[in-house]
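Q: Hey, can you work out the whole structure from these sequences and the hints?
If you read the sequences in order, they're chains A and B.
Using the numbering used here, you'd call the opening residue of the first sequence number 1 and step up by one each time.
Using the numbering used here, you'd call the opening residue of the second sequence number 1 and step up by one each time.
By construction, these hints were calculated from the structure, which means they are not laboratory data.
Be aware that one or more of the hints could be misleading.
What the hints assert, rightly or not - Computed list of lysine-lysine pairs in BS3-like fashion (alpha-carbon distance at most 25 Å, straight line):
(1) 18/A with 71/A
(2) 104/B with 49/B
(3) 104/B with 69/A
(4) 104/B with 71/A
(5) 104/B with 57/A
(6) 49/B with 69/B
(7) 104/B with 65/A
Stated by the list, open to error - Under 7 Å between C-beta atoms, here's a sample of chain B residues computed to sit facing chain A:
(8) 43
(9) 46
(10) 110
For every residue, glycine included, the Cβ atom is placed at its ideal position computed from N, Cα and C.
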Amino acid sequence: EAQVTQNPRYLITVTGKKLTVTCSQNMNHEYMSWYRQDPGLGLRQIYYSMNVEVTDKGDVPEGYKVSRKEKRNFPLILESPSPNQTSLYFCASSRTSGSHYDEQFFGPGTRLTVL
Amino acid sequence: AQSVTQLGSHVSVSEGALVLLRCNYSSSVPPYLFWYVQYPNQGLQLLLKYTTGATLVKGINGFEAEFKKSETSFHLTKPSAHMSDAAEYFCAVSPFLTQGGSEKLVFGKGMKLTVNP
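A: This is the structure in structure tokens:
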């Protein structure tokens, strides 16, 4: 089944404790992206990746890191989480085909609480 | 720069009534436009999209949207609401870019739809 998976689905942590949220897709997509969803703010892009070893900042990258060593994986790293990073996080992927924009497929979300 | 406006955050309709969710966009280049739906405790899934061609786009679950360039709008409609339509709906815009551009998807703030029996 074609899908985007995220782990963990729920995470409660404390300020300053490094964490990683994993994202994996099995559709051979080139493009992957991380969003955070906050009430009243919709989805905001954190980072995106056009291909392996190619990443770039989205709208709200501060406090986050990403890597894209393999095509299928795009982990989100919070080196020193703070309470303002409490949010619902979504990973997404899409096929990049030049002049057409393909739909993004979303993972189920990771609800992160930073105390 | 691209932006999306979804006025209001919540709309309530009766079962069987028309659903109309408004979306206006701002884009300096021809846009691609999308509607995504998020059911409770789930990720987003694509309802429909406009890229080029026919301006009336039909999507899943009986939804459709019409691209109106003169009004910079892409409103989502469904003739008859069903209880299962209760969800949050997001309009999104992305620019049509030639090769080398970044493929950025900009979302509106979302609209929560409640369907009353």
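Q: Against each hint, give a clear statement of whether it holds in the structure.
A: Hint-by-hint comparison with the structure:
{"no.": "1", "hint": "18/A with 71/A", "result": "24 Å, holds"}
{"no.": "2", "hint": "104/B with 49/B", "result": "15 Å, holds"}
{"no.": "3", "hint": "104/B with 69/A", "result": "21 Å, holds"}
{"no.": "4", "hint": "104/B with 71/A", "result": "19 Å, holds"}
{"no.": "5", "hint": "104/B with 57/A", "result": "11 Å, holds"}
{"no.": "6", "hint": "49/B with 69/B", "result": "15 Å, holds"}
{"no.": "7", "hint": "104/B with 65/A", "result": "18 Å, holds"}
{"no.": "8", "hint": "43", "result": "4 Å, holds"}
{"no.": "9", "hint": "46", "result": "4 Å, holds"}
{"no.": "10", "hint": "110", "result": "5 Å, holds"}
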